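S.K.: Listed here are the chains, written in short residue letters.
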Amino acid sequence: MSDGTQLQIELVSDSRYLSCVRECIAQASRQLGFSDAQAAQVAMAVDEAIANVIKHGYGERPDGKIWVKITPLPDEPVRGSGIRIVIEDEAKQVEPSCIKGRDLADIRPGGLGVHIIREVMDEVRYEKRQTTGMRLTLTKWSNGQAGRSAMSA
Amino acid sequence: MSDGTQLQIELVSDSRYLSCVRECIAQASRQLGFSDAQAAQVAMAVDEAIANVIKHGYGERPDGKIWVKITPLPDEPVRGSGIRIVIEDEAKQVEPSCIKGRDLADIRPGGLGVHIIREVMDEVRYEKRQTTGMRLTLTKWSNGQAGRSAMSA
Amino acid sequence: MPDRVPIIVTFASLDGGAVTLSPEGEIGYHEAPAFRNAIRAAYDKRPNRLIVDLSKVGYMGTPGVATLVEALQISKKNGVPLVLCGMNDRVRGVFEIAQLHKVFKMTSDLAGALVA
Amino acid sequence: MPDRVPIIVTFASLDGGAVTLSPEGEIGYHEAPAFRNAIRAAYDKRPNRLIVDLSKVGYMGTPGVATLVEALQISKKNGVPLVLCGMNDRVRGVFEIAQLHKVFKMTSDLAGALVA
Ligand SMILES: Nc1ncnc2c1ncn2[C@@H]1O[C@H](COP(=O)(O)OP(=O)(O)O)[C@@H](O)[C@H]1O
Ligand SMILES: Nc1ncnc2c1ncn2[C@@H]1O[C@H](COP(=O)(O)OP(=O)(O)O)[C@@H](O)[C@H]1O
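Line by line, the protein sequences are chains P, E, C and W. For the working numbering, count along the first sequence from 1 and bump the result up by 146. For the working numbering, count along the second sequence from 1 and bump the result up by 146. For the working numbering, count along the third sequence from 1 and bump the result up by 1087. For the working numbering, count along the fourth sequence from 1 and bump the result up by 1087.
Worth flagging that the hints you see were computed from the coordinates, not collected in a lab. Because the structure is a prediction, the values reported are computed rather than measured. Among the hints, erroneous ones may be present.
[As the list claims (entries may be wrong)] Capping the alpha-carbon separation at 20 angstroms, the derived lysine to aspartate or glutamate pairs in EDC-like fashion look like this:
{"#": "1", "chain 1": "P", "residue 1": "Lys274", "chain 2": "P", "residue 2": "Glu234"}
{"#": "2", "chain 1": "E", "residue 1": "Lys246", "chain 2": "E", "residue 2": "Glu269"}
{"#": "3", "chain 1": "E", "residue 1": "Lys246", "chain 2": "W", "residue 2": "Glu1183"}
{"#": "4", "chain 1": "P", "residue 1": "Lys211", "chain 2": "P", "residue 2": "Glu273"}
{"#": "5", "chain 1": "W", "residue 1": "Lys1143", "chain 2": "E", "residue 2": "Asp182"}
{"#": "6", "chain 1": "W", "residue 1": "Lys1143", "chain 2": "P", "residue 2": "Asp182"}
{"#": "7", "chain 1": "C", "residue 1": "Lys1163", "chain 2": "P", "residue 2": "Asp252"}
{"#": "8", "chain 1": "E", "residue 1": "Lys201", "chain 2": "E", "residue 2": "Glu156"}
{"#": "9", "chain 1": "E", "residue 1": "Lys211", "chain 2": "P", "residue 2": "Glu156"}
{"#": "10", "chain 1": "P", "residue 1": "Lys246", "chain 2": "C", "residue 2": "Glu1183"}
{"#": "11", "chain 1": "P", "residue 1": "Lys211", "chain 2": "P", "residue 2": "Glu234"}
{"#": "12", "chain 1": "P", "residue 1": "Lys211", "chain 2": "E", "residue 2": "Glu156"}
{"#": "13", "chain 1": "W", "residue 1": "Lys1189", "chain 2": "E", "residue 2": "Asp252"}
{"#": "14", "chain 1": "C", "residue 1": "Lys1143", "chain 2": "P", "residue 2": "Asp182"}
{"#": "15", "chain 1": "W", "residue 1": "Lys1164", "chain 2": "E", "residue 2": "Asp252"}
{"#": "16", "chain 1": "C", "residue 1": "Lys1192", "chain 2": "P", "residue 2": "Asp252"}
{"#": "17", "chain 1": "C", "residue 1": "Lys1189", "chain 2": "P", "residue 2": "Asp249"}
{"#": "18", "chain 1": "P", "residue 1": "Lys274", "chain 2": "P", "residue 2": "Glu241"}
{"#": "19", "chain 1": "C", "residue 1": "Lys1189", "chain 2": "P", "residue 2": "Asp252"}
{"#": "20", "chain 1": "P", "residue 1": "Lys211", "chain 2": "E", "residue 2": "Asp149"}
{"#": "21", "chain 1": "W", "residue 1": "Lys1189", "chain 2": "E", "residue 2": "Asp249"}
{"#": "22", "chain 1": "W", "residue 1": "Lys1192", "chain 2": "E", "residue 2": "Asp252"}
{"#": "23", "chain 1": "C", "residue 1": "Lys1143", "chain 2": "E", "residue 2": "Asp182"}
{"#": "24", "chain 1": "P", "residue 1": "Lys211", "chain 2": "P", "residue 2": "Asp160"}
{"#": "25", "chain 1": "P", "residue 1": "Lys201", "chain 2": "C", "residue 2": "Glu1157"}
{"#": "26", "chain 1": "E", "residue 1": "Lys201", "chain 2": "W", "residue 2": "Glu1157"}
{"#": "27", "chain 1": "W", "residue 1": "Lys1163", "chain 2": "E", "residue 2": "Asp252"}
{"#": "28", "chain 1": "E", "residue 1": "Lys211", "chain 2": "P", "residue 2": "Asp149"}
{"#": "29", "chain 1": "C", "residue 1": "Lys1164", "chain 2": "P", "residue 2": "Asp252"}
Please build the complete structure, drawing on both the sequences and the hints.
M.R.: What follows is the structure, encoded as C-alpha cells:
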C-alpha cells in the first residue's frame, strides 16, 4: 500500500463477498466527505465493476483474486472532496474499448452495469495491467457532475 | 492471501476507517452463516482490537499498517459455521500476558475492550509476530458458547 | 459449506388472481439468481397479474434489474401484467439511468399496483 | 483534509433544569472524542439532571462506554443525576459484559429518565 492508498481490500472472486465490499466502500466514502446518496453511488459502481470481473473476467471461477484500493484525494476548492478507487484483477485481458454497455433503446436483460458506473463516477478508466488482468480506475468528487441527475435522493 | 483467507483488509492506523472494517466484517460474518446478532459481536471484537492497535500499538500514529484476514472454517456438525479473523500489525511488541482488561469491580473509564473481545469470541490468541508487531487470532463458531449470555438480542 | 439463502422472498396470492412477490434485502449479482427463481416460481402460480413489491429492497444492482427485464418479457409473452411497487428513490434512480422507468409499470404502493 | 464531524449530537434544555443530549450514529474509538466534548458541553450548561438519550445510537464500543463512566464521575462529584435512556439491546449487552448495567441509572424512554 503506497501511493496514498489508505485502505485496500483483497478478495477472492466469490460473489458472496460483494456485499462486504459495498458496505466498506459506502462507509469509506462517507468518512471521506461524501453524502449518503453519493456514498451509495460509489458503492454501486464498485459493486457493478467487481461483479463484471467475477462474471466476464474470471468466468465465475470463485478463486481468482481481486484488489480494491481506496485513496482519498486532497480536497479541492471547486471539486470538493475526492476519492479514487482502483480495482485490479488477474483475469482475462480485454480491449478497454470492448467494455461498454448495450444500446439503451434495445431493451433486454443485461448490458447496464457499465452505464451505471459511467453515470455515477466522474472518471472511469479501464486498462490492461502490465502482465495479466485488468485495472479500472474510478474517481469521484463531492462537487462533481457525475450522478447529479439520478440516484441523488 | 493463502491458507484459506478469502478476504483481507489492509488499512492505515487511522481511526476513521474503523467503521469501514466494522461494516465489512459484520457483512462477511452474515454471509458465512452467523446471525445478525453474532455478526455484530464479531464486528465489535474486531473494532475493539483494531482500536487497541491504533491506540496502544501505534500510539495514535495514523500511518502504521494493519492487516485483517478473514477465513471461513469448514462447517462442523456440533460447532456449526466458523470464522477465523487474524489481525496483524507492525507496531510495538508487548507480552501477550500484559494484554488484559481491568478488574471489573474497579469502576473507571477504560480497560473494557479486551473483556468484550474475550466474551464474544470463542478463541482469542495474542502473540508476537516473527520480527515486528503483534498478531491476534479470533475464532467464532455459530453454535459456540461465546457471547451467548450478552449482546445476543 | 452449505448454500445459504441469499435473500428472503415471500409470496401472497390475492383475491382476484394477482400474486405479489416481496423480496427483502439487497439484490446484487450474488442474490439475483435467487430472485430470478422466485420470479419464475411466481409465474408458475399462473397469476393474472404479478406485483413485485420492492419496498423492502434497500439496494438493487443491474443484475436485479436484468431479472426484472426478463420478467417483463415473460409477462408480455403470456399477457400477465407486471407491476413494480414501492421502490425507493435510489432503486428508481437505477431504472432512470437505464432508461427503464417508462418501460415498467411502477406504483408507489400495493393498492396502486392492483389497479395499475 | 478538513475534520469532518464524526457524530451528530443535539441538546435540549427541559423545563425544570434537566438537559438531554442525543447522539446519533455509531460511537466507537473514532467518534468517542466528539461524544466526550458534547458531554462536557452539556455539563457546562449546569443542568440539575443530565439525560443521555441513546435511542439513535446503533453501536457503542468501549470508548463510548468509557466516556459515560467519566460522565458518571463528573455527575457524582457535582451531584447531578445522570440517566441513560433508550439504549438498544446490543448496547445494553456491552454494559452487561462490563458489569456496568447496575452502576448506571437506565430507563427505556425519556419520560422515565425525567423521574428516575
Ligand atoms: N471486467 C471485465 N472484463 C471483461 N469484460 C468486461 C468487464 N466488464 C465489462 N465487460 C464487458 O462489457 C460488457 C458490458 O458490461 P455491463 O454493462 O456490466 O453488462 P453485462 O455485464 O450485463 O453484460 C460486458 O458484456 C462485457 O463484454
Ligand atoms: N494491540 C495492543 N498492543 C499493545 N497493548 C495492548 C493492545 N491491546 C490491548 N493492550 C493492552 O491491554 C490493555 C487493556 O485493553 P482494553 O481492555 O482494550 O482497554 P483500554 O484500551 O481501554 O486500556 C491496554 O490498556 C493495553 O495495555
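S.K.: Measure nothing beyond the straight line between the CA atoms of lysine 201/E and glutamate 1157/W; if it is 20 angstroms or shorter, mark the hint as holding.
M.R.: holds (19 angstroms)
S.K.: Is the straight-line distance between the alpha-carbon of lysine 211/P and that of aspartate 149/E 20 angstroms or less?
M.R.: holds (14 angstroms)
S.K.: Are lysine 211/P and glutamate 273/P close enough, with their CA atoms no more than 20 angstroms apart?
M.R.: Holds, at roughly 17 angstroms.
S.K.: If you draw a straight line from the CA of lysine 211/P to the CA of aspartate 160/P, is it 20 angstroms or shorter?
M.R.: With Cα atoms ~9 angstroms apart, lysine 211/P and aspartate 160/P stay inside 20 angstroms; holds.
S.K.: With a cut-off of 20 angstroms on the C-alpha distance, tell me whether lysine 1163/C and aspartate 252/P pass.
M.R.: Holds: lysine 1163/C and aspartate 252/P sit about 16 angstroms apart, inside 20 angstroms.
S.K.: Does glutamate 156/P lie within 20 angstroms of lysine 211/E when you go C-alpha to C-alpha?
M.R.: holds (15 angstroms)
S.K.: Taking only the CA atoms, is the gap from lysine 1163/W to aspartate 252/E under or equal to 20 angstroms?
M.R.: Cα-Cα ~16 angstroms, so holds.
S.K.: For the pair supplied as a hint, lysine 1189/C and aspartate 252/P, is the alpha-carbon distance within the 20 angstroms limit?
M.R.: The hint holds at about 14 angstroms.
S.K.: Does aspartate 182/P lie within 20 angstroms of lysine 1143/C when you go C-alpha to C-alpha?
M.R.: holds (18 angstroms)
S.K.: CA of lysine 246/P to CA of glutamate 1183/C, is that 20 angstroms or under?
M.R.: holds (18 angstroms)
S.K.: When you check the alpha-carbon spacing of lysine 246/E and glutamate 1183/W, does it fall within 20 angstroms?
M.R.: holds (18 angstroms)
S.K.: Has the given pair, lysine 201/E with glutamate 156/E, been kept, meaning a C-alpha gap of at most 20 angstroms?
M.R.: holds (17 angstroms)
The structure fails none of the hints (numbered hints given earlier).
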